[in-house]
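Peer 1: Protein sequence lines correspond, in order, to chains A and B. Everything in the first sequence is counted per the working numbering, starting at 1 for the first residue and increasing by one. Everything in the second sequence is counted per the working numbering, starting at 1 for the first residue and increasing by one.
Simulated from the structure, these hints should not be mistaken for lab results. Hints are not guaranteed to be accurate.
[Claimed, not checked] The calculated DSS-like cross-link candidates involving lysine-lysine, where the alpha carbons are at most 25 Å apart (straight line), are:
no. : chain 1 : residue 1 : chain 2 : residue 2
1   : B       : 14        : A       : 57
2   : A       : 134       : A       : 62
3   : A       : 57        : A       : 148
4   : A       : 149       : A       : 133
5   : A       : 73        : A       : 133
6   : A       : 62        : A       : 130
7   : A       : 62        : B       : 20
8   : B       : 40        : A       : 56
9   : A       : 62        : A       : 151
10  : B       : 8         : A       : 56
11  : A       : 69        : B       : 14
12  : A       : 130       : A       : 73
13  : A       : 42        : B       : 208
14  : B       : 20        : A       : 56
15  : A       : 148       : A       : 134
16  : A       : 42        : B       : 40
17  : B       : 20        : A       : 69
18  : A       : 69        : B       : 137
[Stated by the list, open to error] Derived DEER-like restraints, expressed as beta-carbon distance ranges:
no. : chain 1 : residue 1 : chain 2 : residue 2 : range
19  : B       : 29        : A       : 49        : 23 to 29 Å
20  : A       : 5         : B       : 160       : 51 to 57 Å
21  : B       : 29        : A       : 141       : 41 to 47 Å
22  : A       : 141       : B       : 46        : 18 to 24 Å
23  : B       : 7         : A       : 66        : 20 to 26 Å
The structure presented is a predicted model; accordingly, all values stated were derived computationally and were not measured. Here a beta-carbon is modelled for each residue, glycine too, at the ideal position from N, C-alpha and C.
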Amino acid sequence: MRSEEDIYSAVQQYADTVRRICIIHLKNQADTEDIFQNVFFKYAQNEQEFSSEEHKKAWLIKVTENACKDFLKSFFNQNRVSLDEIKEIAAEAAPEHSEVLEAVLQLPEIYRDAVYLYYYEGYSAVETAKILKKNVNTIYTTLDRAKKKLKEVLGGEEDDGRSDQKSL
Amino acid sequence: MTEDQIRKAFDEIKADDALKQKTVNAVIERTPAKKRMPRKMILTAAALIIAAFAGIFSYTTPVYAISLDDTASVELHVNMYQRVISVSTYDGTSTASYSVDNMSYTDAVQEILSSSEWNNANVVITIAGGSQAGCEKMMSTLQSGSMQCMANAAYATADNSLLQEAQDNGMSLGKYKAYLMLKELDSFVTVDQVQQMTMQEIHQYMGKCRGMNGNGMSKMK
């Protein structure tokens with residue numbers, strides 16, 4: 001069992017990451033709180049030594065993904081996020097970003113996961129496939145389809161040309 | 001649209017402090033206190049158990065033997081804390097006659113010598129075990145005891161190996177040491193014969209063998 005200091009530190013450091021994954025999957029704050037507690041309780045019980053912070057982060061992302069999916073498997077939680085709820089979540093973001101966030105959240109679940117991990121967390125297609133337990137080619141296809149859908153919604157703006165960015 | 005726009009959009013999503021605190025509180029509350037620091041508790045418990053066993057072991061391990069020989073023969077086994085932990089008798093007397101367990105060795109010696117079975121005239125006190133310096137210190141402490149007989153007793157220290165030999169031959173340390181001295185004077189003397197003799201008789205016979213103070217004691221030959 002981990003110490004209170006360790007638990008506190010992990011929550012402080014990775015709460016935003018867990019929250020983002022929850023937003024991708026869940027529809028309300030109450031559900032998010034449940035997932036938060038389950039994820040960090042699992043962390044508290046898990047005594048494995050992580051080789052690095054990246055390793056720890058990847059473990060927490062996987063646990064959160066699984067916790068969200070398990071939660072949604074429940075009969076009572078199978079209602080998907082409504083458009084209104086997506087708008088409400090997106091409204092948390094500043095106006096200039098809410099449109100993008102809303103568009104991403106309206107993507108099918110597998111697209112949202114892949115977009116988040118690949119474009120936001122910066123995982124490679126292979127790493128994203130590993131976390132989501134999918135074939136790498138499936139991830140490439142998923143990202144391609146997600147890109148098309150986002151362009152449909154947001155318009156096909158040109159890439160700003162920065163070499164360190166992955167163009168959609 | 002670029003990755004940068006997606007990153008900025010997701011950057012806007014953050015877990016607020018209330019959610020973080022609520023999570024920490026809930027996780028810690030769900031974590032049983034006894035399981036939260038098991039290693040620390042296990043180490044503390046192990047240290048206490050080891051300390052307890054070490055204490056018990058050190059208390060019950062004899063380090064010194066004090067042999068009191070006169071008409072009776074008694075051996076006190078003393079631990080490192082200078083306390084008597086057991087008594088052996090070699091004259092057929094029950095050890096129950098000597099209730100000196102856990103007494104300091106000085107009190108125990110005084111208690112035994114004050115009983116009626118001891119005439120105190122010819123007490124020989126022999127100490128073995130631990131270190132030679134320890135034996136001599138104990139000897140000195142007993143010599144300065146309040147009882148006259150303790151001051152007048154004949155004192156000796158002996159080697160540790162002698163203690164085991166004495167026990168193997170069913171004699172107290174002091175009597176066995178006297179037996180060895182007698183053996184040098186009379187090579188025919190046996191353990192069985194000496195076991196039946198008092199210290200006074202042994203010393204008288206030694207005197208006879210040396211041609212000194214021979215008082216006609218001839219029971220051995």
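Peer 1: None of the hints should be skipped; say for each whether it holds.
Peer 2: Outcome of the hint check:
1. B:14 - A:57: Given that 25 Å is the threshold and the Cα spacing comes to 16 Å, the pair holds.
2. A:134 - A:62: holds, 13 Å
3. A:57 - A:148: Between residue 57 (chain A) and residue 148 (chain A) the Cα gap is close to 29 Å, so the pair fails against 25 Å, i.e. violated.
4. A:149 - A:133: Cα-Cα ~23 Å, so holds.
5. A:73 - A:133: holds, 17 Å
6. A:62 - A:130: holds, 10 Å
7. A:62 - B:20: holds, 19 Å
8. B:40 - A:56: holds, 24 Å
9. A:62 - A:151: violated, 28 Å
10. B:8 - A:56: Status holds; Cα separation ~23 Å.
11. A:69 - B:14: holds, 21 Å
12. A:130 - A:73: holds, 21 Å
13. A:42 - B:208: Violated - the C-alpha atoms of residue 208 (chain B) and residue 42 (chain A) are around 90 Å apart, more than 25 Å.
14. B:20 - A:56: Distance ~18 Å between residue 20 (chain B) and residue 56 (chain A) Cα, so the pair holds.
15. A:148 - A:134: holds, 20 Å
16. A:42 - B:40: holds, 21 Å
17. B:20 - A:69: The given pair, whose Cα atoms are some 22 Å apart, holds under the 25 Å limit.
18. A:69 - B:137: violated, 79 Å
19. B:29 - A:49: 23 to 29 Å: Distance hint for residue 29 (chain B), residue 49 (chain A) holds at roughly 25 Å.
20. A:5 - B:160: 51 to 57 Å: holds, 54 Å
21. B:29 - A:141: 41 to 47 Å: Since residue 29 (chain B) and residue 141 (chain A) have Cβ atoms about 44 Å apart, the given range 41 to 47 Å holds.
22. A:141 - B:46: 18 to 24 Å: With Cβ atoms ~57 Å apart, the hint is violated.
23. B:7 - A:66: 20 to 26 Å: holds, 24 Å
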